[in-house]
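Protein chains: 2
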Amino acid sequence: MTDLIARRRQLLGPNVSTFYKDPVHIVKGEGVWLWDAGGNRYLDCYNNVPHVGHCNPRVVEAICAQARELNTHTRYLHQGILDYVERLTATFDEPLNTAIMTCTGSEANDIALRMAEAMTGKRGIVATDATYHGNTTLVSHLSKSNAPEVGYGLGGYMRHVEAPDSYRIEDPDGHRFAAKVQEAIEDLEASGIGFAALIVCPLFLNEGFPSQKDGWLQPAADVARRAGGLLICDEVQSGFARCGSHFWAHQKQGVVPDIVCMGKPMGNGHPVAGLVTKADIMERFRSSFRYFNTFGGNPVSCAAAMAVLEEIEDKDLQANALKMGRLAHERLSDLAAKYDVIGDVRQSGMVFGAEYVLDRDTKEPASDYADRIINAMRHRGIILSKLGRHKNTLKIRPPMPFGEEHLDLLMDTLDAVMAETPVRL
Amino acid sequence: MTDLIARRRQLLGPNVSTFYKDPVHIVKGEGVWLWDAGGNRYLDCYNNVPHVGHCNPRVVEAICAQARELNTHTRYLHQGILDYVERLTATFDEPLNTAIMTCTGSEANDIALRMAEAMTGKRGIVATDATYHGNTTLVSHLSKSNAPEVGYGLGGYMRHVEAPDSYRIEDPDGHRFAAKVQEAIEDLEASGIGFAALIVCPLFLNEGFPSQKDGWLQPAADVARRAGGLLICDEVQSGFARCGSHFWAHQKQGVVPDIVCMGKPMGNGHPVAGLVTKADIMERFRSSFRYFNTFGGNPVSCAAAMAVLEEIEDKDLQANALKMGRLAHERLSDLAAKYDVIGDVRQSGMVFGAEYVLDRDTKEPASDYADRIINAMRHRGIILSKLGRHKNTLKIRPPMPFGEEHLDLLMDTLDAVMAETPVRL
Numbered sequence: 001m002t003d004l005i006a007r008r009r010q011l012l013g014p015n016v017s018t019f020y021k022d023p024v025h026i027v028k029g030e031g032v033w034l035w036d037a038g039g040n041r042y043l044d045c046y047n048n049v050p051h052v053g054h055c056n057p058r059v060v061e062a063i064c065a066q067a068r069e070l071n072t073h074t075r076y077l078h079q080g081i082l083d084y085v086e087r088l089t090a091t092f093d094e095p096l097n098t099a100i101m102t103c104t105g106s107e108a109n110d111i112a113l114r115m116a117e118a119m120t121g122k123r124g125i126v127a128t129d130a131t132y133h134g135n136t137t138l139v140s141h142l143s144k145s146n147a148p149e150v151g152y153g154l155g156g157y158m159r160h161v162e163a164p165d166s167y168r169i170e171d172p173d174g175h176r177f178a179a180k181v182q183e184a185i186e187d188l189e190a191s192g193i194g195f196a197a198l199i200v201c202p203l204f205l206n207e208g209f210p211s212q213k214d215g216w217l218q219p220a221a222d223v224a225r226r227a228g229g230l231l232i233c234d235e236v237q238s239g240f241a242r243c244g245s246h247f248w249a250h251q252k253q254g255v256v257p258d259i260v261c262m263g264k265p266m267g268n269g270h271p272v273a274g275l276v277t278k279a280d281i282m283e284r285f286r287s288s289f290r291y292f293n294t295f296g297g298n299p300v301s302c303a304a305a306m307a308v309l310e311e312i313e314d315k316d317l318q319a320n321a322l323k324m325g326r327l328a329h330e331r332l333s334d335l336a337a338k339y340d341v342i343g344d345v346r347q348s349g350m351v352f353g354a355e356y357v358l359d360r361d362t363k364e365p366a367s368d369y370a371d372r373i374i375n376a377m378r379h380r381g382i383i384l385s386k387l388g389r390h391k392n393t394l395k396i397r398p399p400m401p402f403g404e405e406h407l408d409l410l411m412d413t414l415d416a417v418m419a420e421t422p423v424r425l
Numbered sequence: 001m002t003d004l005i006a007r008r009r010q011l012l013g014p015n016v017s018t019f020y021k022d023p024v025h026i027v028k029g030e031g032v033w034l035w036d037a038g039g040n041r042y043l044d045c046y047n048n049v050p051h052v053g054h055c056n057p058r059v060v061e062a063i064c065a066q067a068r069e070l071n072t073h074t075r076y077l078h079q080g081i082l083d084y085v086e087r088l089t090a091t092f093d094e095p096l097n098t099a100i101m102t103c104t105g106s107e108a109n110d111i112a113l114r115m116a117e118a119m120t121g122k123r124g125i126v127a128t129d130a131t132y133h134g135n136t137t138l139v140s141h142l143s144k145s146n147a148p149e150v151g152y153g154l155g156g157y158m159r160h161v162e163a164p165d166s167y168r169i170e171d172p173d174g175h176r177f178a179a180k181v182q183e184a185i186e187d188l189e190a191s192g193i194g195f196a197a198l199i200v201c202p203l204f205l206n207e208g209f210p211s212q213k214d215g216w217l218q219p220a221a222d223v224a225r226r227a228g229g230l231l232i233c234d235e236v237q238s239g240f241a242r243c244g245s246h247f248w249a250h251q252k253q254g255v256v257p258d259i260v261c262m263g264k265p266m267g268n269g270h271p272v273a274g275l276v277t278k279a280d281i282m283e284r285f286r287s288s289f290r291y292f293n294t295f296g297g298n299p300v301s302c303a304a305a306m307a308v309l310e311e312i313e314d315k316d317l318q319a320n321a322l323k324m325g326r327l328a329h330e331r332l333s334d335l336a337a338k339y340d341v342i343g344d345v346r347q348s349g350m351v352f353g354a355e356y357v358l359d360r361d362t363k364e365p366a367s368d369y370a371d372r373i374i375n376a377m378r379h380r381g382i383i384l385s386k387l388g389r390h391k392n393t394l395k396i397r398p399p400m401p402f403g404e405e406h407l408d409l410l411m412d413t414l415d416a417v418m419a420e421t422p423v424r425l
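Chains A and B are the protein sequences, given in the same order. Taking the numbering used here, the leading residue of the first sequence gets 1, the next gets one more, and so forth. Taking the numbering used here, the leading residue of the second sequence gets 1, the next gets one more, and so forth.
Isolated chain A (complex conformation):
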């Protein structure tokens, strides 16, 4: 282990973070389970990339079969990308019916911002102050936490608005958030930059997945449209039926975006990503920009992505996400009745968690406690994480085949760990 960490430091450089104080050396995965090099088994309550389960046989066999047959670029005709894009766009509402395939969600968001520029002739982008949309030079500036000194001065085009927070900020209908977006748009206009797009994760997952009633995003979307800008929904995390009630989280939020970006779960870990948009936006982008992605939409990536769609449908994983989200909320609410340290319980289908506070009145974040809980859970064989502005909210976001027996194990273990962990050291 020490040897691995030292080799990693030398070969990959410093500051390549690992999860946990005592990093895990994972060697095998299957369904919702992971195994480390010592043969210890972990219940995976964290990873959303292996969406239909680690090493899902349907996805693995689709990859193997296509890799044996052909893997090439999209400058030859191939049925795979057409069949996939047809099936993918069928999950969207009209007029979202055309797609670009890339390898990473970062690449998809990078294109989306250029599409907004091409459509509006402007460059100003509004995002929240606790989000993440990827790692290219341009989109890295959408994260307020990224150092602005490296990145070609593109931070000047971004405006960050206060992220929604249903536990601490009163905003039942999304009007307060919309007003913040409006202010940011006015600031962009006043500065001469102009407004091109609002980009958000419809579940605000990095922000701590606030509890919001259906349609909460409509006022902000209206504000963006009235100002002549686009609405980009980054569904890299929230998409592919995770929210349970809908296939795409923007549908739950009552909006039809101009562009929807997707990535992580799309190929169950195979590097495939993309975006779906309207014909007029695609046409404007394709006419003003010569875009080609060597690996994007290759037959193997399309086969992997197709198998994921099939698996979601065949196993009815959307219904499972809805059911498990509700059960998780019940179980977490039971824990909240038992432990004062739980200030709030939230869920959006197969994403759920609890916010830890030192005091329910002051809502002072129990960030250190959250950290200790996560590390203790890891040593009890349960993998999960934390997120939100205060890093005090449990981030529980398992593969979609997560069932009741897994939820029981998770919640029973969490109960036991919380019982033995002091809130203050």
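It is possible that part of the hints are untrue.
[Claimed, not checked] Cut-off 25 Å, straight-line C-alpha distance, at most; resulting in silico cross-link-like pairs (DMTMM-like, lysine to aspartate or glutamate): (1) K144(B) with E283(A); (2) K28(A) with E310(B); (3) K28(A) with D83(B); (4) K278(B) with D36(B); (5) K21(A) with E310(B); (6) K122(B) with E149(A); (7) K28(B) with E310(A); (8) K278(B) with E310(A).
[Claimed, not checked] Below, a sample of chain B positions facing chain A; criterion: calculated Cβ distance under 10 Å: (9) L4; (10) C55; (11) V150.
These aren't lab readings, by the way, just hints derived from the structure by calculation. Cβ coordinates follow ideal geometry from the N, Cα and C atoms, glycine included.
Model the placement of chain B on the given structure of chain A, informed by the hints.
Structure of chain B alone, referenced to chain A:
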């Protein structure tokens, strides 16, 4: 076929280019061969991504075995990425000993420019006027041909110098090119932008792979270093032993770059890419920028990439590239003795071609003729393309297991096609 083209137009949008006037519908690949939906076989003299051959069994089995075992991100410890980076960096000269893994060459180049910014505090980049380095918002501006109106105004940081052209421009030792780079640097300094890096493909492949003696790039590298900038070699096309004499083309060019980017052939079509650099550059970048790539360096990508390295070594594909390049040069020279339309013959290992001209004195490009030859070759079952500033140079860049029997078939067919194709219509 018409149906496929119409579906493609509707699902993927306009201007998604295909090769050939009469696009090919490829369904199967094996080694240096491709098959279309009608069962016709093509000798692949074009594709460099399936580096060790289409559907190479070693690579396919490595992908399948690892996909069945585990595919996850690099925030857990995993031996795969360490073993791969160790073996990869061993092919480089000191002090190039540390790596970042990404999914595409575009992502690698996008990082390289930020590394140059982090090291120099400047943003000015020098590239040639006939190159291509990828598709992110930032690196797309390295292509002079990309429309500047979409791309966040980043074109202002780029300076494009006249690409080397051994057939038309006298520059035996690279001093003329170095002087052009010097001028561009001075222009960047005078404009207040400052100079961060020179980025080139060491074989100048998009520019038409000019004939250059070993060490030709040294003067330009010296100029860049004296000005305090970095030398970035984009070996996305030229790397992994293609040039035959060396594993990396920059070694043939007599330089040790600060950063080397790689991509296309790295995983034989699996979306894996990356860069190799020095420890101090990695440290500066990692300290000033929080970079994480979800799919980058995952166990399956590393297994694919490792199998490619093993296959190059076991099959001695570097020696094959050297031998085949020399034989190709002989065969193309024979054709040049027979056909006046061949103005120049060039090769850099497993990349070779001939430049077509209407007149050997005026060197007027025979671009239309090149186009007709390529389309005629496609109908004779040989896949190749054209490149260079005038699009009049045959681009022959087959998978590395290309052998003498394949070369014979290619050259005999080319001879026959040239014999029946009028130079002027």
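For each hint, the structure was consulted:
The suggested pairing of K144(B) with E283(A) holds, with an alpha-carbon distance near 22 Å, which does not exceed 25 Å. Between the alpha carbons of K28(A) and E310(B) the distance comes to roughly 23 Å, so the proposed pair stays at or under 25 Å and holds. As the CA atoms of K28(A) and D83(B) are separated by approximately 17 Å, the hinted pair is consistent with the 25 Å bound. Only pairs whose Cα atoms come within 25 Å are accepted, and K278(B) paired with D36(B) is rejected, the gap being roughly 45 Å.
Taking the CA atoms of K21(A) and E310(B), the gap is about 35 Å. The hint is violated against a cut of 25 Å. Only pairs whose Cα atoms come within 25 Å are accepted, and K122(B) paired with E149(A) is accepted, the gap being roughly 10 Å. Restraint check for K28(B) and E310(A): satisfied, since their Cα atoms lie roughly 23 Å apart, inside the 25 Å limit. Pair hint K278(B) plus E310(A) does not hold up; C-alpha atoms about 45 Å apart against a cutoff of 25 Å.
Of the supplied interface hints, the one on L4(B) holds, with its beta-carbon coming within about 5 Å of a beta-carbon of chain A, less than 10 Å. The beta carbon of C55(B) is positioned within 10 Å of a beta carbon in chain A (closest approach about 6 Å), and the interface hint is therefore held. Checking V150(B) against chain A by beta carbon gives a least distance of about 5 Å; that is within 10 Å, so the hint holds.
When held up to the earlier numbered hints, the structure conflicts with 4, 5, 8 and fits the remainder.
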